[in-house]
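We have chain A; now place chain B onto it with these hints.
Below, each chain spelled out in residue letters.
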Amino acid sequence: MRRSIHSRVAVFCLVAVVIAGIAACATAPRLRGDEVSLPLSEFFVRPVGPRGQEPTQTLLGLNGKRVLVQGFMVREEEPFPGLFMLAALPVSIAERADGPADYLPPATLFVHLPDAQRDEIVKYVPARLELAGTLELGAKEEASGRVSYVRLRLDDLEDARTAEVGTQPNP
Amino acid sequence: MRIRTKNLKITACSWLAALGATSLLASEASALTVSRLTPPSELFATTGASATPIIARFIPYQRFDLQATIRPDAAQTITSATFLVDGVVVPGSVTLAPATVAGLPANTVVATLRAYSNATVGVHALSVQAVQSDAATVAANGNFEVVAISNLGRRTKNIIIMLGDGMGSGHRAAARIMQNGIAQGKARTRLAMDTFPVSANVTTASLNSIVTDSSPGMQNYVTGNKSANNQEGVWPDDTTANFDNPRFEYMSEYLARTQGKKLGVVTTSDVFDATPASMAIHTQNRGAGTGIVDQYFDDRGQTGLTVLMGGGRKWFLPNPTNCPDVDCGTATGFNGSARANSTDYTLPADLIAGWGSSAGALDPARDLLSDFQGVGWSYAATENDMATAPNSQPLLGLFALSNMNIALDKINGRRAASTIVDDYGFPDQPMLDEMTAKALSVLDAQSPNGFVLMVEGASIDKQAHNMDTERFVLDTIELDRSIAVAKQYAATHPDTLVIVTADHECAGVAVIGGSQVTDAALQTRIATGIGAAQVRSGVVGTYDAAGFPRYTLAADGYPTTTDIDYRMLIGYAANADRFEDWRTNPQPLRDSQQPGNAVAPLTSYPAGPLNRDVIGNFQVTGQIADAVAAHTANDIPLSAYGRGSSLIGGTMDNTDVFFSIMQAAIGGAK
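Chains as they are written, first to last, in this note's numbering: chain A, 1 to 171; chain B, 1 to 670.
Since the hints were made in silico from the structure, they are not lab data.
One should not assume that every hint holds.
Stated by the list, open to error - Some chain A residues near chain B, calculated using beta-carbon distances under 10 angstroms:
(1) Gly33
(2) Arg51
(3) Tyr103
(4) Arg118
(5) Leu137
Claimed, not checked - Stretches of chain A that chain B covers, calculated by requiring three or more beta carbons in the stretch to come under 8 angstroms of a beta carbon on chain B:
(6) 37-49
(7) 61-68
(8) 88-101
On a predicted model such as this, the values are computed, not experimentally measured, just so you know.
Note that beta-carbon positions come from the ideal geometry of N, C-alpha and C, so glycine has one too.
Chain B on its own, in the form it takes in the complex:
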């Protein structure tokens, strides 16, 4: 019998066996190996050279999958695999499934044991031992940690996470200046998020990069574990299926299972998007929209989902998959559904058995809207629907086919200053603070044991990507108004914890100064087309020349105009090539052109950063080659208010925040 090891052995017996195997390995070329051991660990990744940092951490009884990818020798197969924790065989069924990722040796298998948990606090040794068809064996070692929960005091009942997607310190500063202004060096009025008494500095790297996307950026907060970019609620694996990856339990699932808490998910993006889905969905593909929204519904009993609001109606409408072979000339045939088999989900039997999850089905013709309504959910398609929906029923709000419109465009629609929301076909979309208030009302009425609510200002990120300054700033203001609503709720419900944070920073936003000219003068300079000599020199004021830009607010709480004299100026560190003229972009609907506007010739308007603002001829060369600005690895500020906020502070990894929240919810806080 040959024994091969990748990492340090745990028991003395197996350690001696490993020593013998090492010399044997040196003389034999062989493929038999464990190429992946999950949960991820530095112990495995460094082949035993380093046991720290501990990558995978859990609270007691938090569930997660154990998995190993095992490559056999040529012409051999893997016949069995066993997982051991601290040298003791983990009971339960280990499933061997073919590894389907391209490039792996023939007969490579993925061995999985589902829904394991451990209640013993401390670092644990994890190992896997596998046997192949000629009786040769292989083993590998890793580790994970169970973090203690202590009885510290009164428990937090309600948890509210106010998530500004992409919102770094630059975005917050810009919103503060535009919303309230600065007088002799002091904010005339602070943002609502500025009034939170507790702050922390959060690091945001994902499992596979210093620069995260929104999936790990969000889910790291609510699982305590790192996922790879594009993945949510799972670790990477060696199968191509989107929904079979090794899972770990969400905060929502744990607290629904153990305390009966409810879940609310509110966003201004499409509800399938990475941040909202990272509250409840397990998938390696954040783009698998059909399966994501189906899982919202199918596993609502496991997550406690009670409120789901945002855009994304396209995933909830039935798709007539046989078109155009059958008559599609009906309203149903043109409803805008985006449901497709390629983005849908089915789960393997071992996952269903282990986690109690729904099996899923490839069903693009599913009428998910009716499914929700059929089990007693209210459905709101407009702000008016939302406002009149009863608080006594779960609430589904889908206010656009895809992303909702941006705050600037929604406000201009309410002011009758533009037709953008009409052009999109959704003239009655709620503002995020209105959605937040409604979500709190519904959850408060239906959550005797408390709730977890995530509210996302999604387009802070999306417009920062576009380097569209005024749009990301107004979306930050919209989020801040929602934060004020959440804070007010916490003030009257003192067992509530409110956390304001971001999944990552987007675009390297910085307030670089203020304009030295009036808006009229700026337009004159732009019209010269000379470029930096006119649009940069003499315009961009730094230090003393920046002054104090002063915007005026309308009765609705937003600036009357963003094209003021001596405006605030924003720079982007992770910028793509762009032209800049500092003035507000009418995008996404320049000239507010209605579809089919018969006026000819219509003014053309380029869509990308290199194709707008070109008249001034001031081109800013990007440091990245992408078409739009990118996320950065910058730390982001976190603010906390309410019960349990005392557990927050200092410089924290985003996974640390999970353990603080769970301590507050399970063990309480002083």
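With the rest of the complex left out, here is chain A:
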């Protein structure tokens, strides 16, 4: 496999509508009332064990249910259409320099856009987000080549409205 930077760029350029940015939307996700708050800290047992991470009962119990998750959008050099990652901490990924040698925390949520928007690339938002959607569990190789374990399926991009908390990034 050769690196496909050019093809990704091409995809990016072909997308007629690059989402202006979630941050431009309202300040809270549109809720249906059935969402359960799920902190990223409750995804996996900590510390991580010698045989890898283990899911919490809280996480397992919410499979297929609507949840509300807060976190930071992972900043990628090479974002993929229809997909972004959410971590509890601000993380930048320098794919061009380091590939998958990264500092992603074990509890990273893979957020999938609805099928109708699967070709769109979400603009990076430098803020804490609050997302609502349906939780999906299980190992899956994503289009990016990364393996996800916890995914959030957004019903609509409106559900990805931000709750941008705080404006003082340098206390």
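Positioned in the frame of chain A, the structure of chain B alone reads:
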């Protein structure tokens, strides 16, 4: 019969034939040609115009593949190919495989002869001759060199390479100032790497660029040959497969094969990352993590691998590939494995036969951890595990799922000053000097014929990319403490050579001066939000105004704080756009926010250089368009200590260092 040539012919007969062919070519449009001849040479690249510099060099008996890409005429196929060295046909099987890179003419083939070697010192002529289905032939010429090994004296038994990823002279100077300080123009105490008696200046270009990445930057030292960016232990080819490229033999493979030496690989990054993999792995894709870690294990008999430590547990855990079709609600189903078919490896039959390599398999469900343990390796998941692992067994240490945490964050974790390592879920990670000491203990106990050990301070580079000054400086200090451990080992094991170097420079780091204000005053200036008028003017002291920044050290050997009054200031030449306020960034975990911290509202923190340090409003415009700083083509300093160091010196290409080390290991040094 038509004969076409790309380069000068070797024999008189074929040269005359080539002259005839030249006139014939002028009147005929044809595609039949050799578009690539490997090993790479200027003779081939310039179509005979220049034979120098010699690109591919080897020591006697060092193995490498011969390969040519041959494009036939339309509607023709290539029926055979023959390689000749100095006009003599090279015995062995030549395999013709389809060229699968897009854009090549139909029926283009890649002809390969595996694992060739030559013991005759000097420059050799390499040619390939191919025949297509209508009996037309084509030929092309290149060259390579076999470098002499002389009997000079006592041989070097152990080779230790201390590799500061991205560590240029700026990084070293910054670490020296922060660690020890300068008094009236002299270092109060030198870094361990400063005490090495031999120095050299190293050039780092890769096969395809003046600016290398870590793959060629590392592997050039331990193969003697240039690879292209993103590639390690191989030359480029015209197939899309990641692991079938023409290979050349690593130092580790050669010395394991001929002397029974062992190999240790220690890093603070994920162990699949470019630098550690460039000690033993052959691939054109440095990102193919599953195949890379599998090859560590599968070919350990060929490399002598005995110690492997760093991050990267995610590649060693089985991935339940059928999820979510089957029940994944188990611990195994969520273990964090990153194994995937797309990054795994299989090898073609000719490569397996030629090199004796394992075949590989697309097996994301493989339990590589158990494979290691099943053949007698100890497995350490924490510093405590590592410390108690027996020296009598090979050692696998995987202290994080991906990269290990950075020295500043590990130290702050040990000081209970931050929760970053806890937040990542790996509270008991070793420091690099502890890993180095353990690796030396294990290798010393298990290597009667000596060893090759590479120890990498990986995040010097990764944090320089981020222009995160304090983090790259502390990682440089962490590496220097490891260098002290290696030097001490060499002092008590005098047949040991220790080399301190870098794969490339990262970010164009330079110590530009010192702050003219206290930390409190600096914070006041930042709070104004006025920008350069407050955060640059009156703060950045140059020449006399830089003074001598003085940091104090804690008992653990690291600065008590990096936010001192009148601090050292760092600039970046290969910088991306960023805001700068000169203060220590809490990143990667600003505010040490624990995942799921319920305190609301949580303080938001932007991740990128343009989204941090914004309050002072001092934006530094980058010279590059990337999101983070980039590698540079700057030369890097090399320091050497121990037996064989006398062979080092002057300005050297990074491939030259290989030949000096191999001379020391095989022929000895005075």
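Taking the hints in turn, this is what the structure says about them:
Taking 10 angstroms as the C-beta cut-off, the interface hint given for glycine 33 of chain A is violated, the closest approach to chain B being about 20 angstroms. Annotation: interface hint on arginine 51 of chain A holds; nearest CB of chain B at approximately 6 angstroms, less than 10 angstroms. Interface hint at tyrosine 103 of chain A: satisfied, since its Cβ lies 6 angstroms from the closest Cβ of chain B, which is below the 10 angstroms cut-off. For arginine 118 of chain A, the suggested interface contact is broken, since its CB lies about 19 angstroms from the closest CB of chain B, more than 10 angstroms.
Because the smallest distance between the Cβ of leucine 137 of chain A and any Cβ of chain B comes to about 6 angstroms, under 10 angstroms, the interface hint for this residue holds. Check on the region 37-49 of chain A: 10 of its residues sit with their Cβ under 8 angstroms from a Cβ of chain B, so the three-residue criterion for coverage holds. Using a Cβ-Cβ cut-off of 8 angstroms, 1 residues of the region 61-68 of chain A lie near chain B, which falls short of the minimum of three, so the contact claim is violated. With 12 residues bearing a CB less than 8 angstroms from a CB of chain B, the region 88-101 of chain A meets the requirement of three and the coverage assertion stands.
When held up to the earlier numbered hints, the structure conflicts with 1, 4, 7 and fits the remainder.
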